[in-house]
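In order, the protein sequence lines correspond to chains A, B and C. Read in order, the letters of the first sequence are residues 1 to 486 in our numbering. Read in order, the letters of the second sequence are residues 1 to 428 in our numbering. Read in order, the letters of the third sequence are residues 1 to 499 in our numbering.
Where hints are given, some of them may not hold.
[Claimed, not checked] Residues from chain B shown here face chain C by an in silico Cβ test under 8 Å; the list is partial:
1) P22
2) P54
3) L57
4) F58
5) S123
6) V137
7) H138
8) L152
9) I156
10) L160
11) E164
12) L167
13) L171
14) G174
15) F328
In short, the hints are calculated from the structure, not lab data. Backbone N, C-alpha and C define an ideal beta-carbon position, used for all residues, glycine too.
Spelled out from the first residue to the last, the chains are:
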Amino acid sequence: MGALLSEISWGVVLILLPLAGGIACFLFPRAAKVLGLVSVFAVLLSVSGLGWNIKVNGIYRHAIGGWNAPLGIDLYADGLSLLMLAATALVGFGISVYSADYFEREDAARFWPIWLLLLAALNALFLSADVFNLYVTLELMGLAAVALAALAGGRDALGGAMRYLLASLLGSLAYLFGVALLYHGFGSMDIAMLAVRVEASPAVWAALGLMSVGLLLKTALFPLHFWLPPAHASAPAPVSALLSALVVKGSFYILLRLWLEIFGPLGGGVDTLFGLLGTGAILWGSLQALRQTRLKLLVAYSTVAQIGYFFISFPLAASAGVTAWSAAAYLVLSHALAKAAMFLATGNVLRFGGHDRIADLDRVVQRLPLTACAFALAGVSIMGLPPSGGFVGKWLLLQAALTQDRWDLVSVIILGGVLAAGYVFKVIGHAFTLADISHESREVPAKMEWAALLLAFGAILLGFLASPVLSLVGIGVPFGVSEVSP
Amino acid sequence: MNEDIYGIFLLIVVGPLLLAIPALHSRVPWPRHLAIIPALLLIVFPGDASLAMPWFLFGTGFAVDGEVRWILVMSVAVWLTAATVAKSSRRNPAYDRATPFFLLTLAGNLGAVLATDLVGFFSFSTLMGYGFYGLVVHAGDAEARRAGRLYLIFLIVADLALFEALLLAALTTGGNLQYVVVRQAMAGTSSSQLYLWMALAGFALKAGIWPVHLWLSTTFKSAPLSTTLLLGGVPVAMGLLGAVRWLPFGEIAFYVLGMVIMVMGVAAILYAVLMFFMHAPLTMFPVWGTVAVTGLSVMALGTGLAHPAVWRQYEYLTYPFIASLGMFLAALTFAIGRLQDKRQAPEVDLQRVEVLSPWGEGGMGVIERWAEDRLLILRSLWRDLRLKAVEQYQRIFDWGKPAVFIWGWSATITMFVFLGLVFAWLAG
Amino acid sequence: MNWDAWIPLLVIASSLLPGLIIFFLAEDRKRLRTTLNLAGALVKLALVCWMLWGVYHEHHYETRLTLLPDLELVLRAGPLSLLFLTLSTILWLVTTVYAIGYLEDSPHRSRFFGFFSLCVTATVGVALSGNLITFLLFYELLTLSTYPLVVHRGTEVARRAGQSYLVHTIFGGALLLLGTVWLYTLTGTLEFTPRGFLNDLGEEHRPALVIIFALLIAGLGVKAALVPLHGWLPQAMVAPAPVSALLHAVAVVKAGAFGIVRVIYDVFGVDFAAGLGVTEPLAWLAATTIIYGSLRALFQDDLKRRLAFSTISQVSYITLGVAIAGPIATIGGVVHLVHQGLMKITLFFCAGNLAETLGIHKVSEMSGVGRRMPWTMTAFTIGAFGMIGAPPVAGFISKWYLGLGALEAGQEWVIFVLAGSSLLNAAYFLPILHRAWFQEPQDAWPEEHHFGNKETAWALLLPPLVTALMALGMGMLASAPFSPLGWAQFISQREFYRP
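Next comes chain A alone, as it looks inside the complex:
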């Protein structure tokens, strides 16, 4: 059994499986729901297979068709990739269970193929080892995401989707230019080779600038976040969850990879810039979230803020590499779970009460205790209160900042948590106020409530799993070893 597990090339399976599932869903729209769920579950199993494989054998490498790096397509997975894949599979599965009840027949027929395509793109992205493949998967992911965002129809949704499309294309284009520059300069698109060959030169700086801007745009880092709130707010709940929890992480992952392997050693103050932008994101996003009167926009702005945290680790990584990157990885993972739970909970509220005005929420939230609970638990992780994944992430981040006496960042991290508490409790507060007016309501299937709750619970559970998760992420030493442990 063990031998069999390690012989299967899980990477290939991970890409082909959702693709095949998507095509099947497209061909058999009536069975789309079942097919989709089965495929996503199979992906989940495959990821655990890959994880087992990596744990036993170390870094996973697979050359598709037997062609090696400079020419062929390489699949590569270390701890970091595994983390992203696992997050995708877990969150994806949760959202799929939710979607199974959320989408009616016709919407379902459209949703499932695109979602499985997106899943394939994401998996491929996390498994890619060269910059061009990354581009391809990025583009695929973007298009699938835009299609999903437009799924709801209507003016708002289309408008949001259009903006998203524009941003996405622009981002990809910028990235592609960067890739071209790199290929032109160093004759390779394999990350590992580039890492060896690259040295500071104007072309490299230009590539760095273009790629970063493109990816930042797609990651929606402040001030390039303008497209995110409308797109997220107008999309159906599971789609918002997917976009916020997974899609932005895809581009962030690329940026992180490039930084770790290629651009990081160059230095040059870009990390400080990232840190500044991250700070801006945390403060601006949180304040905007606090100001919102609609639940979905609040959650969307919260995403803007949380993305800022990922970027805080760049300036900290210089001398506390492993801690800072572990923090970022952990934050990414727990944010994926928590934010998906939040959006799903929001979807429940929206479906139940037909609106998401925060001031009138009391009549809704009280009748949906599980949803309220899911939102609260997810909120705990977003705020960074213990015990939760968010807490572990922030703890590590703070630790990294404190060892370097970066008081500016320390105060931003703390302040961001406090502001997050502000906007989360702005919502939760309404769960307990009196609701005497009966409300026109639509039943919410139990599965939808439980999907949200279990995802949120996962984010909490992460607070206890830091040790095993971080040791898994450490496989293949993606973050280097430049660590002075306190």
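With the hints as your guide, set chains B and C onto chain A.
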């Protein structure tokens, strides 16, 4: 030591406390008297006895010996009188409501008398103080409340001062707070002066010694006889007893403070005499009597501080003195109060007089009614007798005023002669 | 694995599991809910008694789970933990009985009892924490689980009180987190160690340590209601009476005070802290709080509000006791943790009884209430006298040790603070007592309910009587073995001042 007596010791304090529960004392005849019985038993029990209670607070105990028995006898007598007076004067509708406070005060008083160390004394006298507050204000009119408030303020301040003194003592002795130990230890430390001041101030407040006697007079004016009767024997006597027990008299010589205190005692006596002759009504006589007598005690204390040798010589007199002081004041108050009562009695009609009957309670009331129904002759006879008695009392009162006046003057002159003698003897 | 290693976890689970199950019970499953609650409380009590016996005989109960690569979640039952643990366990049992009576037929009971159990779980976790990060974890859990209880009534006032509570506690939590991480980056450990774990740290870290101390105390001071961080407490009294009782007696306020004890004795070590010069400002802060709380209490007509300000004042006795930094004062501070809990919970129970039975919420409505509800007011009287510090109620013992400790440590000014506080306590409690016992009742009570010939329901009457008796007993029997005082001395000997 006799084992049986332990139960009595505990019963003396626990008994009244238990009876203070309304559900209990409303089911028992004569609850106030009943609560005093254990103490009575202890008095007649021959020989010294003690009970160590290491589990109580920081470890305390009860003991009775020849000296304590004096105080105990006085207390029991005063309390019994008060209980009987309260029972017979049922004009006060709040009788039942006062019973718990009566019993709490009783428990506190007896506990303080028997306690063998500072903390025990402090605890029980606090209980006594708050219980007494209840007795003062339970009548419920505005004046009583004012008096109660005043008493309470004095009580709290006194307790604070004593608490600080206690801390100083505990710090010096390392936790053992037996009277003897504390007296000896405090005689030889640097903090003894602060201790003296604190303890003296505390007990002066508690005993209503001039010039902090204010609560004494207001209380006296507003409270019923059954309460004022207790003033001398309970707060005042306990205050003096505390001072004697806590302070290292006879161990240290502290001339200046002793003289100051002595002068204050003289001033107190003068003040009392002055107040009495200036404008006080006869009914206030016990107050000024109290102030004068406590002034006398203060003089003695001052002397003790200034001349330890004198104190050691006459130390054996202190307990009998305090006991007789309490008894005297109670008797004085009782007499004056009785006179006053009787003078006011004709204002009530005959029906009222009937109710005033000392038998008009509980089971006795039934018998009396039975007798009244059956024996009409006896009944009218009884009524005549009562009327006659009232008239008699009134006559005594009318005549009594000049008598008391004369008595007062003669007492004063005697006192001054005595004072002069003391000073002469001290000087020589 | 050793069986002893699982007992602390079981103690946590004994309230966590019933709480989680209760969330999913329907409103009308009253009997099952009551059974679960009481069974959990009794199991916890049994476990705690078992550990008390064990710890006294030098057994070790410790659960360790990995939390972060170098940090563990540690639950350890030491003497100090057990003091707080026993208090919360007993008071949980009592308060549960009270809450069952109090919330009879009111809505959202499952939710209430669920969060109630979570709240106790968090408190118990705070008590058992063996290092600072575990403490932090449960401390925040406490914040979260108490919030729903504070806003339980669902009125606008309650919502605002909840908001104020959150603003304060989240802010405090953030400071605490910052201090904790900083400390960790300096030392690499957060394990509570008798007499502190900072002794080996170099001289150059002293300024940083002073700031860390300030951060930790500020974070804890929010819950311990140190002035000027106390704003939430008087507002939070809109919560139902059992919640206020638990909040003021064990859960939130005490968690803060307990944390301060931990920080001074098991993180910094009292001698080290005194050497840093941080204990004296803390003592002054506590003293200010004591006087300020009492002064504010004087002017409150709302009974629960007055009690809330009284809590602010009284809880700082604990802080004062440990900040004096002498062995005797420490005993006073630590033992007050228990004493204040019992006395204050009694007072809040009684306030709840008055509100529930007669509709009385204000001191000015209490005239003659002693005649209508003698037992309730007797319990109230005992609690109030304890607060004043009159012997033989438990408060006297605390004050005794605080005063003696202050004298011994040569800090005479504390005596004046204590005296002033007693005076003020008397000034705001005795008028209540006077009004209740000696004034004539009004013609009608604001909103009277009848309970047969009893003054109120059994479930409402018994808890305050039990706690009042305990407060009285702990004072009277202070020298008995296993009294809180004896245990506090045991703690002081074994943990704080062992040579």
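Here is what the structure says about each hint:
The interface hint given for P22 (chain B) holds, since its Cβ lies 6 Å from the closest Cβ of chain C, which is under the 8 Å cut-off. Taken as an interface hint, P54 (chain B) checks out: its beta carbon lies about 6 Å from the nearest beta carbon of chain C, inside 8 Å. Annotation: L57 (chain B) was flagged as interfacial toward chain C, and the flag holds, the nearest CB pair being 6 Å apart, inside 8 Å. For F58 (chain B), the interface hint holds, the least distance from its beta-carbon to any beta-carbon of chain C being 6 Å, beneath 8 Å.
Checking S123 (chain B) against chain C by beta carbon gives a least distance of about 4 Å; that is within 8 Å, so the hint holds. A least Cβ separation of about 5 Å between V137 (chain B) and chain C falls short of the 8 Å threshold, and the interface hint therefore holds. Interface restraint check: H138 (chain B) against chain C, minimum CB-CB distance 6 Å, threshold 8 Å, status holds. Of the supplied interface hints, the one on L152 (chain B) holds, with its beta-carbon coming within about 6 Å of a beta-carbon of chain C, less than 8 Å.
Taking 8 Å as the C-beta contact cut-off toward chain C, the hint placing I156 (chain B) at the interface holds, the least distance being around 5 Å. At its closest, the beta carbon of L160 (chain B) sits 5 Å from a beta carbon of chain C; the interface hint therefore holds under the 8 Å criterion. A cut of 8 Å between beta carbons decides the hint on E164 (chain B): the least distance to chain C is about 6 Å, and the hint holds. Contact between L167 (chain B) and chain C, as hinted, is supported at the beta carbon level, the nearest pair being about 5 Å apart and thus within 8 Å.
The criterion of a C-beta within 8 Å of any C-beta in chain C is met by L171 (chain B), whose closest approach is roughly 5 Å, and the hint holds. This hint is violated: G174 (chain B) has a C-beta 10 Å from the nearest C-beta of chain C, more than the 8 Å allowed. With a cut of 8 Å, the hint placing F328 (chain B) at the interface with chain C is violated, because the nearest CB-to-CB distance is about 31 Å.
Violated hints, listed in ascending order, are 14 and 15; each of the other numbered hints is respected by the structure.
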